[in-house]
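One line per chain: the protein sequences are A and B, in this order.
If you read the first sequence in the numbering used here, its first letter stands for residue 1, the second for the next number, and so on.
If you read the second sequence in the numbering used here, its first letter stands for residue 112, the second for the next number, and so on.
Simulated from the structure, these hints should not be mistaken for lab results.
Treat the hints with care, as some may be off.
Claimed, not checked - Straight-line C-alpha distance at most 20 angstroms; calculated SDA-like pairs for lysine to any residue: (1) B/K219 / A/M46; (2) A/K44 / B/Y143; (3) A/K44 / B/A152; (4) B/K165 / B/D195; (5) A/K41 / B/S121; (6) A/K41 / B/H222; (7) B/K205 / A/N50; (8) A/K9 / B/Y150; (9) A/K44 / B/K116; (10) B/K116 / B/K179; (11) B/K219 / A/D38; (12) A/K40 / B/S163; (13) A/K44 / B/N118; (14) A/K44 / B/K179; (15) A/K41 / B/K179; (16) A/K9 / B/Y143; (17) B/K205 / A/D38.
Bear in mind the structure is a predicted one, so any value in this text is a computation, not a measurement.
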Amino acid sequence: DTAVSQTPKYLVTQMGNDKSIKCEQNLGHDTMYWYKQDSKKFLKIMFSYNNKELIINETVPNRFSPKSPDKAHLNLHINSLELGDSAVYFCASSRASGRRFFGPGTRLTVL
Amino acid sequence: DQQVKQNSPSLSVQEGRISILNCDYTNSMFDYFLWYKKYPAEGPTFLISISSIKDKNEDGRFTVFLNKSAKHLSLHIVPSQPGDSAVYFCAALKTASGGGADGLTFGKGTHLIIQP
Numbered sequence: 001d002t003a004v005s006q007t008p009k010y011l012v013t014q015m016g017n018d019k020s021i022k023c024e025q026n027l028g029h030d031t032m033y034w035y036k037q038d039s040k041k042f043l044k045i046m047f048s049y050n051n052k053e054l055i056i057n058e059t060v061p062n063r064f065s066p067k068s069p070d071k072a073h074l075n076l077h078i079n080s081l082e083l084g085d086s087a088v089y090f091c092a093s094s095r096a097s098g099r100r101f102f103g104p105g106t107r108l109t110v111l
Numbered sequence: 112d113q114q115v116k117q118n119s120p121s122l123s124v125q126e127g128r129i130s131i132l133n134c135d136y137t138n139s140m141f142d143y144f145l146w147y148k149k150y151p152a153e154g155p156t157f158l159i160s161i162s163s164i165k166d167k168n169e170d171g172r173f174t175v176f177l178n179k180s181a182k183h184l185s186l187h188i189v190p191s192q193p194g195d196s197a198v199y200f201c202a203a204l205k206t207a208s209g210g211g212a213d214g215l216t217f218g219k220g221t222h223l224i225i226q227p
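The whole structure should be built from the sequences, with the hints applied where relevant.
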């Protein structure tokens with residue numbers, strides 16, 4: 001069974017579109033995250049969320065918004081996509097602030 | 112401002128020899144360090160970690176050494192095997208902050224290539 005899953009694995013879309021990436025974890029963790037790996041290969045935190053608190057990295061544009069329908073899911077919505085949004089996005093989860101378990105990543109390409 | 116630095120983008124090691132991956136950090140508030148391994152088209156997977164109260168942690172072929180005064184840690188893999196070929200990320204955590212959006216800071220990664 002996959003611990004942290006993301007869909008889709010690949011996403012190709014035009015500039016200006018709105019898209020979502022879904023993430024689910026079956027580990028019973030209480031905290032979920034979104035990371036972005038850009039062209040320079042840095043893995044940077046975008047959001048962390050538990051059922052009480054959303055913490056946003058201040059560098060993330062407000063076109064990006066996480067939505068958590070329940071404890072096992074944290075979806076990423078992106079409005080008005082820009083070329084610079086092209087990257088690999090990783091979802092992760094953890095128990096409290098412990099070690100992260102990562103999903104397989106979603107490669108987003110904005111044309 | 113890179114708080115966690117992996118200065119070697121790639122490292123090539125012969126199978127059976129020791130692989131040593133290095134990581135430096137600048138923030139003295141970091142008190143927990145992790146190594147993640149990443150294969151292409153997959154997410155990073157946890158490999159080994161070390162708390163700042165220790166200077167060494169060993170798990171099978173993998174050993175992590177921490178030199179707090181130098182703000183330096185290293186991952187030793189011995190003996191290196193072909194399946195070890197991957198990108199290795201060093202990461203650091205400020206546990207006192209409770210994690211949060213910037214609780215885990217990653218280095219840029221080192222691509223380890225094990226040659227037969």
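Structure-based check of all given hints:
Simply put, B/K219 and A/M46 have alpha-carbon atoms about 16 angstroms apart, close enough for the 20 angstroms limit, and the pair holds. Restraint check for A/K44 and B/Y143: satisfied, since their Cα atoms lie roughly 18 angstroms apart, inside the 20 angstroms limit. Using a Cα cut-off of 20 angstroms, the hinted pair A/K44 and B/A152 holds, with the two alpha carbons roughly 17 angstroms apart. Our distance criterion of 20 angstroms between C-alpha atoms is broken by B/K165 and B/D195, whose separation comes to about 25 angstroms.
Only pairs whose Cα atoms come within 20 angstroms are accepted, and A/K41 paired with B/S121 is accepted, the gap being roughly 13 angstroms. Only pairs whose Cα atoms come within 20 angstroms are accepted, and A/K41 paired with B/H222 is accepted, the gap being roughly 11 angstroms. About 18 angstroms separates the Cα atoms of B/K205 and A/N50, which keeps this hinted pair within 20 angstroms; it holds. Of the pairs offered as hints, the one joining A/K9 and B/Y150 holds, with about 15 angstroms between alpha carbons and a cut-off of 20 angstroms not exceeded.
For the hint pairing A/K44 with B/K116, the CA-to-CA distance comes to about 13 angstroms; that is within 20 angstroms, so the pair holds. Restraint check for B/K116 and B/K179: the C-alpha separation of about 15 angstroms stays at or below 20 angstroms, so the hint holds. A C-alpha spacing of about 10 angstroms is found between B/K219 and A/D38, which places the hinted pair at or below 20 angstroms, so the restraint holds. Taking the CA atoms of A/K40 and B/S163, the gap is about 29 angstroms. The hint is violated against a cut of 20 angstroms.
For the hint pairing A/K44 with B/N118, the CA-to-CA distance comes to about 17 angstroms; that is within 20 angstroms, so the pair holds. Pair hint A/K44 plus B/K179 does not hold up; C-alpha atoms about 24 angstroms apart against a cutoff of 20 angstroms. With a CA separation close to 26 angstroms, the supplied pair A/K41 and B/K179 exceeds the 20 angstroms bound. Proposed proximity of A/K9 and B/Y143 is contradicted: the alpha carbons are some 31 angstroms apart, above 20 angstroms.
Pair hint B/K205 plus A/D38 does not hold up; C-alpha atoms about 23 angstroms apart against a cutoff of 20 angstroms.
Checked against the numbered hints given earlier, the structure breaks hints 4, 12, 14, 15, 16 and 17 and satisfies all the rest.
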